[in-house]
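K.L.:
So you can see what is in the structure, the chains are spelled out below.
2 protein chains.
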Amino acid sequence: MDYQKQLQVYFAEADENCLPGLSVDCVIFGFSNNQLKVLLLRWKDTEEWGLPGGFIYKNESVDVAAQRILKERTGINKLFLQQFHTFGDDVRYNREEVSRKLHWPDPSTRRWPNRTVSIGYFALVDFSKVTPTADFLTDECRWWDVENLPSLLFDHNHVVEVALKTLRVQLSWQPVGYNLLPEKFTMPELQRLYETILNRPLDPRNFSKKMRALGIIERLEEQRRGGAYKSPYLFRFDKEKYKKALKEGNLAFT
Amino acid sequence: MDYQKQLQVYFAEADENCLPGLSVDCVIFGFSNNQLKVLLLRWKDTEEWGLPGGFIYKNESVDVAAQRILKERTGINKLFLQQFHTFGDDVRYNREEVSRKLHWPDPSTRRWPNRTVSIGYFALVDFSKVTPTADFLTDECRWWDVENLPSLLFDHNHVVEVALKTLRVQLSWQPVGYNLLPEKFTMPELQRLYETILNRPLDPRNFSKKMRALGIIERLEEQRRGGAYKSPYLFRFDKEKYKKALKEGNLAFT
Chain A
1 MDYQKQLQVY FAEADENCLP GLSVDCVIFG FSNNQLKVLL LRWKDTEEWG LPGGFIYKNE
61 SVDVAAQRIL KERTGINKLF LQQFHTFGDD VRYNREEVSR KLHWPDPSTR RWPNRTVSIG
121 YFALVDFSKV TPTADFLTDE CRWWDVENLP SLLFDHNHVV EVALKTLRVQ LSWQPVGYNL
181 LPEKFTMPEL QRLYETILNR PLDPRNFSKK MRALGIIERL EEQRRGGAYK SPYLFRFDKE
241 KYKKALKEGN LAFT
Chain B
1 MDYQKQLQVY FAEADENCLP GLSVDCVIFG FSNNQLKVLL LRWKDTEEWG LPGGFIYKNE
61 SVDVAAQRIL KERTGINKLF LQQFHTFGDD VRYNREEVSR KLHWPDPSTR RWPNRTVSIG
121 YFALVDFSKV TPTADFLTDE CRWWDVENLP SLLFDHNHVV EVALKTLRVQ LSWQPVGYNL
181 LPEKFTMPEL QRLYETILNR PLDPRNFSKK MRALGIIERL EEQRRGGAYK SPYLFRFDKE
241 KYKKALKEGN LAFT
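If you read the protein sequences in the order shown, they are chains A and B.
Residue numbering for the first sequence is 1 to 254, as defined by the UniProt record's numbering.
Residue numbering for the second sequence is 1 to 254, as defined by the UniProt record's numbering.
The hints are simulated quantities; they were obtained by calculation from the structure and are not laboratory data.
A portion of the hints provided could be inaccurate.
[Said to hold, decoys possible] Derived DSSO-like pairs (lysine-lysine); straight-line CA-CA distance at most 27 Å:
1) A:Lys-165 - B:Lys-241
2) A:Lys-210 - B:Lys-209
3) A:Lys-165 - B:Lys-184
4) A:Lys-165 - B:Lys-44
5) A:Lys-129 - A:Lys-101
6) B:Lys-78 - B:Lys-243
7) B:Lys-129 - B:Lys-58
8) B:Lys-78 - B:Lys-101
9) A:Lys-210 - B:Lys-184
10) A:Lys-241 - B:Lys-210
11) A:Lys-209 - B:Lys-209
12) A:Lys-184 - A:Lys-101
13) B:Lys-244 - A:Lys-209
14) B:Lys-184 - B:Lys-241
15) A:Lys-244 - B:Lys-165
16) A:Lys-165 - B:Lys-165
17) A:Lys-101 - B:Lys-241
[Unchecked claim] A short list of chain A residues far from chain B (calculated; beta carbon distances all over 10 Å):
18) Gln-8
19) Ala-14
20) Lys-78
21) Arg-95
22) Leu-102
23) Trp-104
24) Val-125
25) Leu-137
26) Ser-151
27) Lys-241
28) Lys-244
[Claimed, not checked] Selected chain A positions facing chain B (Cβ under 10 Å, derived; list incomplete):
29) Leu-19
30) Lys-58
31) Glu-60
32) Ser-61
33) Asp-89
34) Val-91
35) Arg-115
36) Val-117
37) Gly-215
Remember, predicted model here, so these are calculated numbers, not experimental data.
Quick reminder that beta carbons are idealized off the backbone N, C-alpha and C, glycines included.
Please model the entire structure based on the sequences and the hints provided.
P.N.:
Okay, structure coming up:
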């Protein structure tokens, strides 16, 4: 079946079996090489990038749809996806322009409403445990530095911005490093992650002091070897203490 | 026009002119007599209470719809409404049961989809400045203590719970008293508000110390007179300092 035919089947199925005028978009954050990254898809036969997204079946909860869409579109399974915002502007993007760019069927031939409200989900993942895979709609699925995103399809640059803002607020009451970092990490790595999310430099001495004062990370005897500089110590989150502190609301980082 | 006819016109208009299968629900919090309250509507000719809600016009942003719905259904104008969660479970409530209770037209006679996804908004208001008014769909619009809500229509008890949870989290990085309290208030009043939202008792001496350390409230020379006990001092928020601290993220209350 050629791609045009596949697209027609895909949209006809959405028109028939999905909640009309609703979609889900997923912002998947990872952290690697001291960079906060986001997972993007390049649509088939184009240079156009966007977030993984899709539609909700009529008998499916929106949360379950988000998990399914992420799995189908990137191969990633069972992430902790967190709903963060619903994008409901009356004009979110130019529908005809997007359809043209992506070689989609003419919107006027579809039963779908004239606008789509999208429910945004985000997740923080351990970069090293994820193998992004393109699906039949796309040629490529890969990580991009948050600080150097291309101009995205739909209103997806805005969606990423709102997800980042949510992450920034969340930093003030829960340490996000827990999900984004590998099991063992150095203090400069953790600091760099915080700096990227907060979008401002932090003082290393203060940062280390504050983080350790939270009582949820422990310094290991191991050091990270092989770098050009003095080998830094490795740390890891103490999951029990972390859970207890989160429950008691004692994790503010200001 | 009798009520049955009015209802039919109302739903026919929604089927024709609104985004199918979507609604908005508003949780309006106020604080009075040392109680956190929420605004509820009693549907005409019933003893059934629910949140103010409604539908979104096809060419209207969801944010604008939320403002309009609140105005139409309660008479309250230009509140700062904050989107907090979209309720997208596949079965949120028993549709036939709700229609029967509210004397609504049989759902099978409508063009509306079989389920409705609802976008939740909340607002914090100065209780004394609001005059709730019932609309043509309802007999009564009034405040209820959050701690003593009746069994609500739809999934509205759950919606209020999620709004409260959001408020609790928000307390850790922004003082909600600013919107909920009248201009001048006593420290015990502020503490009672925090206790209601956090759902746990707080130590008066610690509370006062922490709140004053944030540097955003000032003690006035005035005292609240007329009570049975020692007259407590009045306080007010310093709006300039509040805005500055919020921008700098220095308002954690833990």
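K.L.:
Now tell me if each hint is right for this structure.
P.N.:
Structure-based check of each hint:
no.: 1; hint: A:Lys-165 - B:Lys-241; result: holds, 22 Å
no.: 2; hint: A:Lys-210 - B:Lys-209; result: holds, 21 Å
no.: 3; hint: A:Lys-165 - B:Lys-184; result: violated, 32 Å
no.: 4; hint: A:Lys-165 - B:Lys-44; result: violated, 42 Å
no.: 5; hint: A:Lys-129 - A:Lys-101; result: violated, 33 Å
no.: 6; hint: B:Lys-78 - B:Lys-243; result: holds, 20 Å
no.: 7; hint: B:Lys-129 - B:Lys-58; result: violated, 32 Å
no.: 8; hint: B:Lys-78 - B:Lys-101; result: violated, 32 Å
no.: 9; hint: A:Lys-210 - B:Lys-184; result: violated, 35 Å
no.: 10; hint: A:Lys-241 - B:Lys-210; result: holds, 24 Å
no.: 11; hint: A:Lys-209 - B:Lys-209; result: holds, 24 Å
no.: 12; hint: A:Lys-184 - A:Lys-101; result: violated, 43 Å
no.: 13; hint: B:Lys-244 - A:Lys-209; result: holds, 25 Å
no.: 14; hint: B:Lys-184 - B:Lys-241; result: holds, 16 Å
no.: 15; hint: A:Lys-244 - B:Lys-165; result: holds, 18 Å
no.: 16; hint: A:Lys-165 - B:Lys-165; result: holds, 19 Å
no.: 17; hint: A:Lys-101 - B:Lys-241; result: violated, 49 Å
no.: 18; hint: Gln-8; result: holds, 23 Å
no.: 19; hint: Ala-14; result: holds, 14 Å
no.: 20; hint: Lys-78; result: holds, 19 Å
no.: 21; hint: Arg-95; result: holds, 13 Å
no.: 22; hint: Leu-102; result: holds, 23 Å
no.: 23; hint: Trp-104; result: holds, 21 Å
no.: 24; hint: Val-125; result: holds, 22 Å
no.: 25; hint: Leu-137; result: holds, 23 Å
no.: 26; hint: Ser-151; result: holds, 23 Å
no.: 27; hint: Lys-241; result: holds, 16 Å
no.: 28; hint: Lys-244; result: holds, 14 Å
no.: 29; hint: Leu-19; result: holds, 6 Å
no.: 30; hint: Lys-58; result: holds, 7 Å
no.: 31; hint: Glu-60; result: holds, 6 Å
no.: 32; hint: Ser-61; result: holds, 5 Å
no.: 33; hint: Asp-89; result: holds, 5 Å
no.: 34; hint: Val-91; result: holds, 8 Å
no.: 35; hint: Arg-115; result: holds, 7 Å
no.: 36; hint: Val-117; result: holds, 6 Å
no.: 37; hint: Gly-215; result: violated, 13 Å
Consistency with the previously given hints fails for numbers 3, 4, 5, 7, 8, 9, 12, 17, 37, ordered from lowest to highest.
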